[in-house]
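Sequence lines, in order, name chains A, B, C, D, E, F, G and H. Counting in the working numbering, the first sequence tops out at residue 175, every number present. Counting in the working numbering, the second sequence tops out at residue 1175, every number present. Counting in the working numbering, the third sequence tops out at residue 2175, every number present. Counting in the working numbering, the fourth sequence tops out at residue 3175, every number present. Counting in the working numbering, the fifth sequence tops out at residue 4175, every number present. Counting in the working numbering, the sixth sequence tops out at residue 5175, every number present. Counting in the working numbering, the seventh sequence tops out at residue 6175, every number present. Counting in the working numbering, the eighth sequence tops out at residue 7175, every number present.
Treat the hints with care, as some may be off.
As the list claims (entries may be wrong) - Below are the EDC-like pairs computed for lysine to aspartate or glutamate, each with C-alpha atoms no more than 20 Å apart in a straight line:
(1) E:4069 <-> E:4046
(2) E:4069 <-> G:6154
(3) C:2165 <-> C:2154
(4) C:2069 <-> D:3157
(5) F:5032 <-> F:5046
(6) E:4032 <-> C:2169
(7) H:7069 <-> H:7157
(8) C:2165 <-> E:4057
Said to hold, decoys possible - Some residues of chain B that are not near chain A, with every Cβ distance over 12 Å (derived):
(9) 1014
(10) 1029
(11) 1044
(12) 1057
(13) 1067
(14) 1093
(15) 1143
(16) 1146
(17) 1157
(18) 1173
Treat the hints as calculated values from the structure; they're not laboratory data. Think of the CB as a built atom: it goes at the ideal place given N, C-alpha and C, for glycine as much as any other residue.
There are 8 protein chains.
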Amino acid sequence: NFPSMSQTDTAPSAQPKVAIIMGSQSDWPTMKYAAELLDDLSIPYEARIVSAHRTPDRMRNFAMSAREKGFAVIIAGAGGAAHLPGMVAAWTSLPVLGVPVQSAALSGKDSLLSIVQMPAGVPVGTLAIGKAGATNAGLMAASILSLGEPAIRDRLDAWRTARTKSVAEHPSDSE
Amino acid sequence: NFPSMSQTDTAPSAQPKVAIIMGSQSDWPTMKYAAELLDDLSIPYEARIVSAHRTPDRMRNFAMSAREKGFAVIIAGAGGAAHLPGMVAAWTSLPVLGVPVQSAALSGKDSLLSIVQMPAGVPVGTLAIGKAGATNAGLMAASILSLGEPAIRDRLDAWRTARTKSVAEHPSDSE
Amino acid sequence: NFPSMSQTDTAPSAQPKVAIIMGSQSDWPTMKYAAELLDDLSIPYEARIVSAHRTPDRMRNFAMSAREKGFAVIIAGAGGAAHLPGMVAAWTSLPVLGVPVQSAALSGKDSLLSIVQMPAGVPVGTLAIGKAGATNAGLMAASILSLGEPAIRDRLDAWRTARTKSVAEHPSDSE
Amino acid sequence: NFPSMSQTDTAPSAQPKVAIIMGSQSDWPTMKYAAELLDDLSIPYEARIVSAHRTPDRMRNFAMSAREKGFAVIIAGAGGAAHLPGMVAAWTSLPVLGVPVQSAALSGKDSLLSIVQMPAGVPVGTLAIGKAGATNAGLMAASILSLGEPAIRDRLDAWRTARTKSVAEHPSDSE
Amino acid sequence: NFPSMSQTDTAPSAQPKVAIIMGSQSDWPTMKYAAELLDDLSIPYEARIVSAHRTPDRMRNFAMSAREKGFAVIIAGAGGAAHLPGMVAAWTSLPVLGVPVQSAALSGKDSLLSIVQMPAGVPVGTLAIGKAGATNAGLMAASILSLGEPAIRDRLDAWRTARTKSVAEHPSDSE
Amino acid sequence: NFPSMSQTDTAPSAQPKVAIIMGSQSDWPTMKYAAELLDDLSIPYEARIVSAHRTPDRMRNFAMSAREKGFAVIIAGAGGAAHLPGMVAAWTSLPVLGVPVQSAALSGKDSLLSIVQMPAGVPVGTLAIGKAGATNAGLMAASILSLGEPAIRDRLDAWRTARTKSVAEHPSDSE
Amino acid sequence: NFPSMSQTDTAPSAQPKVAIIMGSQSDWPTMKYAAELLDDLSIPYEARIVSAHRTPDRMRNFAMSAREKGFAVIIAGAGGAAHLPGMVAAWTSLPVLGVPVQSAALSGKDSLLSIVQMPAGVPVGTLAIGKAGATNAGLMAASILSLGEPAIRDRLDAWRTARTKSVAEHPSDSE
Amino acid sequence: NFPSMSQTDTAPSAQPKVAIIMGSQSDWPTMKYAAELLDDLSIPYEARIVSAHRTPDRMRNFAMSAREKGFAVIIAGAGGAAHLPGMVAAWTSLPVLGVPVQSAALSGKDSLLSIVQMPAGVPVGTLAIGKAGATNAGLMAASILSLGEPAIRDRLDAWRTARTKSVAEHPSDSE
């Protein structure tokens, strides 16, 4: 069953500017939150499995051709010794956003350090561990795209305003 | 003594698109690596001290007016309970990059968690602790700007190529 | 469904001296332990949702007006990159007590460090992670109020004495 | 050589309302920052060595008689398995502020957890590890006293305003 | 329901030489493993709830009178900011064994550091977090008593030999 | 019920070259993943329980005779204060691979540090915490054996190729 | 140069009841604090280097013969993957006290977990990381011996009383 | 200045079977301990700088051709977000040994987790953080080679025996 990919829904002919890649199928329950956010903002994206360790050449090919294919931002999620975001950033100068997936034994602390502690020269903009990080990777991609696309900026600001308005004044015992 | 600000050197009339803000003067020895990288790529920037805790209104004013002033990317560095990057991101939808400054007792682990573990809705693209993170924040800002400015992309790719070429084949005992 | 607020029960016209604020509805199952403690001691309070990241202006307005509204102590709970207690303390010189809410991936370790590691100049009195911390924030608020209100001191000391007496001499297999 | 104790300087006959206690002489280079802050705000205090482990009865006597002696706030600093703040809080219902002193092997992480993770029933308002925490314990004591003493509130707010004004606009290379 | 106390079973008139104390009833599911081990070795013990924070005077009285009552070894279990073992050791020169009880948020890491990181002068012999630690506290108490009681040494060595013999040669899929 | 041991299935007379040892039966649900991998590659192995702490002489005898018995690689799994891999490596110069078993309180962080932080002179090649580590220990044993046995190299490379091919191009919502 | 061994000074013919063993010469600057404490209390001891990894048979021989040689308590210090205390405890039912030596990279956190997290069945009474732990191991050995030797108890209690008396009332700026 | 490479000294025509690779020149002060160990055992090796992030294609070419060039074991050292060992293991089925280099902010904890926490399918045999790990990587390489080369086994066993003999019986104050 194929994940929803908004570009086919909202802009059939548009080349997506955002790629969401992940190390394995097991990362999708986390990374789909990035996809949902982009769906909410009507930003086309493509979701792919690209494993740094099991499919290193697929990863290299993806990274080396990402800009010429039209991608502007790459969201990469991985867990444990999470090498995918950093290695993709080694082969492309596009902005790469990293999402540390929560791991079994160490709760994503290994994922976080493996992604964020990149040496000088190859940056990965890292978001929070798990679902919040995936949602925020989507938001940050929108934020980057908004610099060149006023329509995205408008949708992003509307999303933020609606979110602000949705915050209740008082906590409720019934929720 | 005022830090070098390349916009006065290379593009006198240009409004800088990158803001480098930090919580205190003591963060500058770290954050100047972001400035140096931007100098290397001839990207104008403005460096300011904006303390979330000591000057919260200055922070709010900065964040709320950043986009209209012409900034496109905000680099924010702070240490300890580092609230500056996340709070700036609460008041602007511009992309915010966070640099965890190495702290005295906990070596920046507190800075890192305070910056990267943002809740869903308000993203901060977090780089590594310390100098490497500051350099990479500069590179990531360049990467984002390169999407709309081919000249920056060319300089960024040249910087990366030169860096790749500078890697020696063998380690040396004399260094 | 609105949480019980003892001021309406025990002192209808009294302006509560304690504010319990939290970053989101999801913090209420933790923060209600502060409310219950204050209920136990018949200390009026007001419970509000004030999100540092989603409603930063609500937060600022709350903090700036808290003293003139009659609040004496602010209890602030938040999780993850928990900026609420520290940012409130940036806008008010009232005593602010911070409760690190247990987070999903890092069990509140991120919440704790984000709250307690404040830089010199802006203090947050931090309690334990989770429910124990929320209860103790209520107790500490009572302790502070007891300095000026002997009746609270009497109730607080009675609460403590009762608690001491309730400790069984021997462990029981049946509990 | 005896540490400066502002009550003898500024208010000879005043009973200090703040006690600064610490587990050993080796904690004084940290805890003196609490004393200096109180000196700055002209708040009398008394500084004492009270070791939970070496002088447990001194600690108990101190805690049990603190309120009747006229103390309103207790600042307690300790390192490693830091039991002083929590044990003092077990014998008094006065507000107790804890300062985790930076330890040799674990940089104060053990001190922090030993102080902050108190069980429900006995609160310790914990500040940051080390010097920042000691300064902030002084500030929080002032904040608590300010509730009943407008003059302290005025001095505290003036201190905060001066601090805000002292933040430079731009970082300086010469510092 | 009162926990089994082997001294009534095996040596009605014997004063137990081992005390098992714990901070609260909730520690008993862990600490009963110490009791069971002592039951296995027919070593009388007494199990008591002694809370450092809720019943500090009970704790002090217990510790100060422990040696004259005939206790030789004290096993103390506690969780979180676990002060019980160290404070008991402050009032008695009997050997004190500490068991870090697994805590809710930090899995006993806080308990461990609060117990083991005692300053020079007041030792606590610390065992592992949780059930294994409780069992081993019982074994270590037996080991200490065995120095003066050959019968205990014989039972201890027999227990160890039986345990060695019980280790299967190969793992089994059916268990 | 005895675990499958491939040497009886695929090469009845072959002395297995790989030993899989573990500290207790409770480690088998983890360590069987090493066995399954070796089964997949038709590499004979022997699985044994060898407890460093309960059966130290069995451990020593095993380690001292391992090479002469024909073993070439030893896979050792243990949890908590995991001494088995390092102690076996102290008595044999065969390559020893360590698998940190996930522990109850600390999620295998203690196991990992106890295994990997060996002093200079006695190496243990350590794999990841838990099941992934056990599988990889099997793979690394195969990798070592492949240096001298081309057939194993062929099977190992085929296993890796099949694994690469099995990675789907896109994530699926239905899994 | 041979370390002072008090048994030759104070009781030439006495068989020492305490063994201080350590994994390497580099542990002596830590472990000598145990020796000094025993010197202070006139308790004979023997100090030896026994490496679990480099001299495993020496370790086994030491542990197996320790009781018959007349030792009553074993103090074992080691760093990193510190297996010495636990392995000695595997071969003797004498009480074993473990001292985690501060390690280079992880400051003794690895040493601590390797020593304290022993599985049920083989206890090691663990003291603090580093010098405080070594001193306390000496004190705990004295405490154990005091159960059978009133003279040691008297000296131990005198040591503790003197230490209590030595605590100054106030901190001093001149130290 | 070129590091000593023993193959030119001891076996001019021999193709080295061990490769020592590292992410940057700054790793050499750590990794040279692997080289020195191999020198001690007269095992030829080649030392190269191969940066995963700055020279990803050099890394890929190295890994893909390593077996055909005659390498049998690869030792890879890196720090921070240390991707080199795992990525090399993605492109070769040779045994890969990883050395976590001690990093500036996190003391190699990030390096360790980035190397050891590999997902199932791609193993890296990880050694200790820093110099001990580098020495042990050399020893483990020797151990692996010893399976096919009795001369190496003899030299390895002699090295171990000499090391065992070099352990003094007693600690010395003069060292």
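Structure-based check of each hint:
For the given pair, residue 4069 of chain E sits about 12 Å from residue 4046 of chain E by alpha-carbon distance, which is consistent with the 20 Å threshold. Among the hinted pairs, residue 4069 of chain E with residue 6154 of chain G is consistent with the structure: their alpha-carbon atoms are about 18 Å apart, no more than 20 Å. With a C-alpha separation of about 16 Å, the suggested pair residue 2165 of chain C and residue 2154 of chain C falls inside the 20 Å cut-off, and the hint holds. Distance hint between residue 2069 of chain C and residue 3157 of chain D is fulfilled; the C-alpha atoms sit about 17 Å from each other, no more than 20 Å.
Among the hinted pairs, residue 5032 of chain F with residue 5046 of chain F is consistent with the structure: their alpha-carbon atoms are about 11 Å apart, no more than 20 Å. For the hint linking residue 4032 of chain E to residue 2169 of chain C, the alpha-carbon distance of about 15 Å falls within 20 Å, and the restraint holds. Between residue 7069 of chain H and residue 7157 of chain H the alpha-carbon distance is near 28 Å, which puts this suggested pair outside the 20 Å criterion. Annotation: proposed proximity of residue 2165 of chain C to residue 4057 of chain E holds, straight-line Cα distance about 12 Å (limit 20 Å).
With a least CB separation of 16 Å from chain A, residue 1014 of chain B remains clear of the 12 Å interface cut-off, as annotated. Every CB of chain A is more than 12 Å from the CB of residue 1029 of chain B (nearest about 15 Å), matching its label as outside the interface. No beta-carbon of chain A comes within 12 Å of the beta-carbon of residue 1044 of chain B; the shortest separation is about 16 Å. Listed as a non-interface residue, residue 1057 of chain B keeps its Cβ farther than 12 Å from every Cβ of chain A; the least gap is roughly 19 Å.
A beta-carbon of chain A is positioned within 12 Å of the beta-carbon of residue 1067 of chain B; the least distance is around 9 Å. At roughly 5 Å, the least C-beta separation between residue 1093 of chain B and chain A is not larger than 12 Å, which violates its mark as non-interface. Not every CB of chain A lies more than 12 Å from the CB of residue 1143 of chain B, the least distance being 5 Å, so the non-interface label is violated. Against the 12 Å criterion, residue 1146 of chain B falls within the reach of chain A, whose nearest CB is about 7 Å from its own CB.
Residue placement check: residue 1157 of chain B does not keep its beta carbon more than 12 Å from all beta carbons of chain A (closest about 6 Å). Non-interface call for residue 1173 of chain B relative to chain A: holds, since the shortest CB-CB distance, roughly 22 Å, exceeds 12 Å.
In summary, the numbered hints that this structure violates are 7, 13, 14, 15, 16 and 17.
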